[in-house]
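Asks: Residue-level listing of the chains:
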Amino acid sequence: DTGVSQDPRHKITKRGQNVTFRCDPISEHNRLYWYRQTLGQGPEFLTYFQNEAQLEKSRLLSDRFSAERPKGSFSTLEIQRTEQGDSAMYLCASSFYDSGYTEAFFGQGTRLTVV
Amino acid sequence: AQSVTQPDIHITVSEGASLELRCNYSYGATPYLFWYVQSPGQGLQLLLKYFSGDTLVQGIKGFEAEFKRSQSSFNLRKPSVHWSDAAEYFCAVGPRSGSARQLTFGSGTQLTVLP
Numbered sequence: 096d097t098g099v100s101q102d103p104r105h106k107i108t109k110r111g112q113n114v115t116f117r118c119d120p121i122s123e124h125n126r127l128y129w130y131r132q133t134l135g136q137g138p139e140f141l142t143y144f145q146n147e148a149q150l151e152k153s154r155l156l157s158d159r160f161s162a163e164r165p166k167g168s169f170s171t172l173e174i175q176r177t178e179q180g181d182s183a184m185y186l187c188a189s190s191f192y193d194s195g196y197t198e199a200f201f202g203q204g205t206r207l208t209v210v
Numbered sequence: 637a638q639s640v641t642q643p644d645i646h647i648t649v650s651e652g653a654s655l656e657l658r659c660n661y662s663y664g665a666t667p668y669l670f671w672y673v674q675s676p677g678q679g680l681q682l683l684l685k686y687f688s689g690d691t692l693v694q695g696i697k698g699f700e701a702e703f704k705r706s707q708s709s710f711n712l713r714k715p716s717v718h719w720s721d722a723a724e725y726f727c728a729v730g731p732r733s734g735s736a737r738q739l740t741f742g743s744g745t746q747l748t749v750l751p
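Here the protein sequences come in this chain order: F and V.
Following our numbering, the numbering of the first sequence begins with 96 at its first residue and continues without gaps.
Following our numbering, the numbering of the second sequence begins with 637 at its first residue and continues without gaps.
Everything labelled a hint here was simulated from the structure, so no lab data went into it.
Quick caveat, the model's predicted, so the values are computed rather than measured.
Every residue gets a Cβ at the ideal spot worked out from N, C-alpha and C, and that includes glycine.
Hints may be right or wrong, so weigh each one.
Said to hold, decoys possible - With the Cβ distance kept under 10 Å, some of the chain V side facing chain F (calculated, not the full set):
#1 643
#2 645
#3 672
#4 677
#5 681
#6 703
#7 707
#8 739
#9 744
What the hints assert, rightly or not - A few chain F residues that face chain V, going by a derived Cβ cut-off under 8 Å, partial list only:
#10 126
#11 137
#12 138
#13 182
#14 186
#15 190
#16 191
#17 201
#18 204
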């Protein structure tokens, strides 16, 4: 399967714990995006990388959130001191960016439940 | 600020009936326009996109959408719905300029198909 893969698919954690999600993009894609989707809403942009550089962060990305993309390949999204409001589906997408537009392909997401 | 409105939270149609899902956007200039579909527990799949040219665009699974600049709308249609079309549908917009390509999504329309 050469699509975008995310791990784990589901995560249940206690409030206050740290969690880390992983995203493996399509191999030739230089762009990687993280989105958050809460129940009944569309995905909301969190941050994106071009290669290993994190180029933009949404104001939704509080100080408890950190994302990395070492070596411009896979990416991790860490949430520290989780809160119940962090419960959501976290979606990763990748694309190949040049001056024009190419389609972003989405992974199946990681569903986080904070109890 | 850009926004996408999907006024119908939930639509129910009978199998074989026609379908139209509404989408209106607010944006500084005509953006790129997209429709995505999300099945339960899954990521997002691109149905179709509009960049320029013919305002009626064809997508996968027999879907089409029409861009109407004067109405800032991009409604999705299908002439005959199949039971497998039951899912959540998201309209999204993306910028034509600048290096960032993140999408802004509507809140989605849940489609139920009756046998």
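Asks: Now, for every hint given, state plainly whether the structure supports it.
Replies: Results of checking the hints against the structure:
Because the beta carbon of residue 643/V sits about 14 Å from the nearest beta carbon in chain F, more than 10 Å, this interface hint is broken. Satisfaction of the interface hint for residue 645/V is found here, the shortest Cβ-Cβ separation to chain F being roughly 8 Å, below the 10 Å cut-off. A least Cβ separation of about 8 Å between residue 672/V and chain F falls short of the 10 Å threshold, and the interface hint therefore holds. At about 7 Å, the closest approach between the beta carbon of residue 677/V and any beta carbon in chain F falls short of 10 Å, and the interface hint on this residue holds.
Given the 10 Å rule on beta carbons, the hint for residue 681/V holds: about 8 Å separates it from the nearest Cβ of chain F. The interface hint given for residue 703/V is broken, as the beta carbon of that residue sits about 16 Å from the closest beta carbon of chain F, more than 10 Å. Hint status for residue 707/V: violated, given a least beta-carbon distance of 21 Å to chain F, over 10 Å. At a threshold of 10 Å, the smallest CB-CB gap from residue 739/V to chain F is about 7 Å, leaving the interface hint in force.
Interface hint at residue 744/V: satisfied, since its Cβ lies 5 Å from the closest Cβ of chain F, which is below the 10 Å cut-off. Using the Cβ-Cβ criterion of 8 Å, the hint placing residue 126/F at the interface with chain V is satisfied: the shortest such distance is roughly 7 Å. Given hint, residue 137/F at the interface with chain V, holds; its Cβ is 3 Å from that chain's nearest Cβ, closer than 8 Å. Against a cut-off of 8 Å between C-beta atoms, the interface hint on residue 138/F holds, since the closest Cβ of chain V lies about 5 Å away.
Using the Cβ-Cβ criterion of 8 Å, the hint placing residue 182/F at the interface with chain V is not satisfied: the shortest such distance is roughly 15 Å. A cut of 8 Å between beta carbons decides the hint on residue 186/F: the least distance to chain V is about 6 Å, and the hint holds. Annotation: residue 190/F was flagged as interfacial toward chain V, and the flag holds, the nearest CB pair being 7 Å apart, inside 8 Å. The closest approach between the C-beta of residue 191/F and any C-beta of chain V is roughly 11 Å, which is over the 8 Å cut-off, so the hint fails.
Below 8 Å, beta-carbon pairs count as interface contacts, and residue 201/F has one with chain V at about 4 Å; its hint therefore holds. Satisfaction of the interface hint for residue 204/F is found here, the shortest Cβ-Cβ separation to chain V being roughly 6 Å, below the 8 Å cut-off.
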